[in-house]
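Number of protein chains: 2
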Amino acid sequence: MADSEAPRAVVLLSGGLDSATALAEARAAGFQVHALTIFYGQRHEAELVAARKVAAAQGVAQHVEQGIDLRLFGGSALTATIEVPKDRTPDAMVEAAIPITYVPARNTIFLSLALAWAEVLGAFDIFIGANCVDYSGYPDCRPAFLEAFENLANLATKAGVEDTGRFRVHAPLLHMTKDEIITRGLALGVDYSLTHSCYDPDLQDRACGRCDSCRIRLDAFRQLGRTDPVPYVPNP
Amino acid sequence: MADSEAPRAVVLLSGGLDSATALAEARAAGFQVHALTIFYGQRHEAELVAARKVAAAQGVAQHVEQGIDLRLFGGSALTATIEVPKDRTPDAMVEAAIPITYVPARNTIFLSLALAWAEVLGAFDIFIGANCVDYSGYPDCRPAFLEAFENLANLATKAGVEDTGRFRVHAPLLHMTKDEIITRGLALGVDYSLTHSCYDPDLQDRACGRCDSCRIRLDAFRQLGRTDPVPYVPNP
Numbered sequence: 001m002a003d004s005e006a007p008r009a010v011v012l013l014s015g016g017l018d019s020a021t022a023l024a025e026a027r028a029a030g031f032q033v034h035a036l037t038i039f040y041g042q043r044h045e046a047e048l049v050a051a052r053k054v055a056a057a058q059g060v061a062q063h064v065e066q067g068i069d070l071r072l073f074g075g076s077a078l079t080a081t082i083e084v085p086k087d088r089t090p091d092a093m094v095e096a097a098i099p100i101t102y103v104p105a106r107n108t109i110f111l112s113l114a115l116a117w118a119e120v121l122g123a124f125d126i127f128i129g130a131n132c133v134d135y136s137g138y139p140d141c142r143p144a145f146l147e148a149f150e151n152l153a154n155l156a157t158k159a160g161v162e163d164t165g166r167f168r169v170h171a172p173l174l175h176m177t178k179d180e181i182i183t184r185g186l187a188l189g190v191d192y193s194l195t196h197s198c199y200d201p202d203l204q205d206r207a208c209g210r211c212d213s214c215r216i217r218l219d220a221f222r223q224l225g226r227t228d229p230v231p232y233v234p235n236p
Numbered sequence: 001m002a003d004s005e006a007p008r009a010v011v012l013l014s015g016g017l018d019s020a021t022a023l024a025e026a027r028a029a030g031f032q033v034h035a036l037t038i039f040y041g042q043r044h045e046a047e048l049v050a051a052r053k054v055a056a057a058q059g060v061a062q063h064v065e066q067g068i069d070l071r072l073f074g075g076s077a078l079t080a081t082i083e084v085p086k087d088r089t090p091d092a093m094v095e096a097a098i099p100i101t102y103v104p105a106r107n108t109i110f111l112s113l114a115l116a117w118a119e120v121l122g123a124f125d126i127f128i129g130a131n132c133v134d135y136s137g138y139p140d141c142r143p144a145f146l147e148a149f150e151n152l153a154n155l156a157t158k159a160g161v162e163d164t165g166r167f168r169v170h171a172p173l174l175h176m177t178k179d180e181i182i183t184r185g186l187a188l189g190v191d192y193s194l195t196h197s198c199y200d201p202d203l204q205d206r207a208c209g210r211c212d213s214c215r216i217r218l219d220a221f222r223q224l225g226r227t228d229p230v231p232y233v234p235n236p
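From first to last, the protein sequence lines are chains A and B.
Residue numbers for the first sequence follow our numbering, so the first one is 1 and each next one is one higher.
Residue numbers for the second sequence follow our numbering, so the first one is 1 and each next one is one higher.
None of these hints come from the bench; they were simulated from the model.
Treat the hints loosely; a few may be bogus.
[As the list claims (entries may be wrong)] 30 Å max Cα-Cα, derived BS3-like pairs, lysine-lysine: (1) K53(A) - K86(A); (2) K86(B) - K53(B); (3) K158(A) - K86(B); (4) K158(B) - K86(A).
[As the list claims (entries may be wrong)] Negatives, chain A to chain B, calculated, CB over 12 Å: (5) A46; (6) A61; (7) T108.
As the structure is a prediction and not an experimental result, all values here were calculated from the model.
Each residue gets a CB set at the ideal place from its N, CA and C atoms; glycine is no exception.
Input sequences plus hints: build the corresponding full structure.
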């Protein structure tokens, strides 16, 4: 089947390790991929640059970058000027329950935009790299949330009402540990050197190695006996 | 109760007749109102100007304008360059089922952004001027959609998970006819001369009088024996 005849899917692509893997899963499942990156007033553009590289490397049909200024609402470490926590142990991350890096309603907003684009494209499949193992504290990474969104999508749209198809939210990484995600991605040919996960990179976009996101990622590569290919700030 | 002690609500304010009335309902219900206007690549700015006037006239606590470029996705008369239908009878509007002025997933996106802001504000109440009488063709104006979103909101957020309150989506105009909405709004002191409903205004922002939105509005004022206070393009 030529790629142009393949069913279309919208893939939310942040430029991080998880979404790069979710994109590879969508391609492996036979979809023509339309990648959507949402730039929401992050403090650095490293993620956006990574998203462009990942989209290009994986040969997506289309890549749209949509900007929303969530800073207008305030309220999160990723959009406002709150200190990103560093050097937390896995236990401390779990104890913290909902991390201060939680962005209010972020995945709801992301999925809504993906849904709008999917409807225009005649697509019924939306991929998101949500994970409820490492991100158990994020309410909008839980299976119940994703099911509720899928239900909403089929009520919210012309396509849903006219019953020309049913929207499906795919979260292929939902129950995987980080090392399982990396193993799967490597098997699918994902180039993790292009991705960016750090919450607090330096001016050369090198990962800090100390925020929750870096620590989870580094631990996973270590468990696999591999070296994370992205550049890190040297240890002091 | 001083306004600063009142519970907060986020009100979606387009600048149209319905949302201006929904805002007045939120104030009448005792909420401190935070108005959210979403500018999504409309072909004209008349709605945005109207939203500012309505917010100022009704004395909101805060008015945020959030921009999203839905033109990046294409697909609707309100965001792309498709001809707006004119001079349709009420029957023709109903027969058309889902109007071409339907914007994919618009209310899902709007409510998601309102939810994000509500969570930051510590608000649990969101008002939307959705109506399932005149806009029966829009999937995202139906009661089932609004209920599904309310359910989602309580799964999607820190506030929902920590059970510090339950989000409520208020659609006070849902089952009202347009003349009932106007009657209610006038009783609440809404100044409809500040609102803008037309899909295709002229360069002086005068309403066309011929698109579905103008026709529904004009008919309602006529039924009430009143004159719509907004300026219209003179009949040829």
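How the hints compare with the structure:
With a C-alpha separation of about 27 Å, the suggested pairing of K53(A) with K86(A) holds against the 30 Å cut-off. Distance hint between K86(B) and K53(B) is fulfilled; the C-alpha atoms sit about 27 Å from each other, no more than 30 Å. Proximity of K158(A) to K86(B) is assessed by CA-CA distance (about 22 Å); at most 30 Å being required, the pair is judged to hold. In summary, the hint linking K158(B) to K86(A) is supported, as the alpha carbons are separated by about 22 Å, within the 30 Å threshold.
No Cβ of chain B approaches the Cβ of A46(A) within 12 Å, the least distance being about 22 Å, so the stated non-interface status holds. At roughly 14 Å, the least C-beta separation between A61(A) and chain B is larger than 12 Å, which holds for a residue marked as non-interface. Against the 12 Å criterion, T108(A) falls within the reach of chain B, whose nearest CB is about 4 Å from its own CB.
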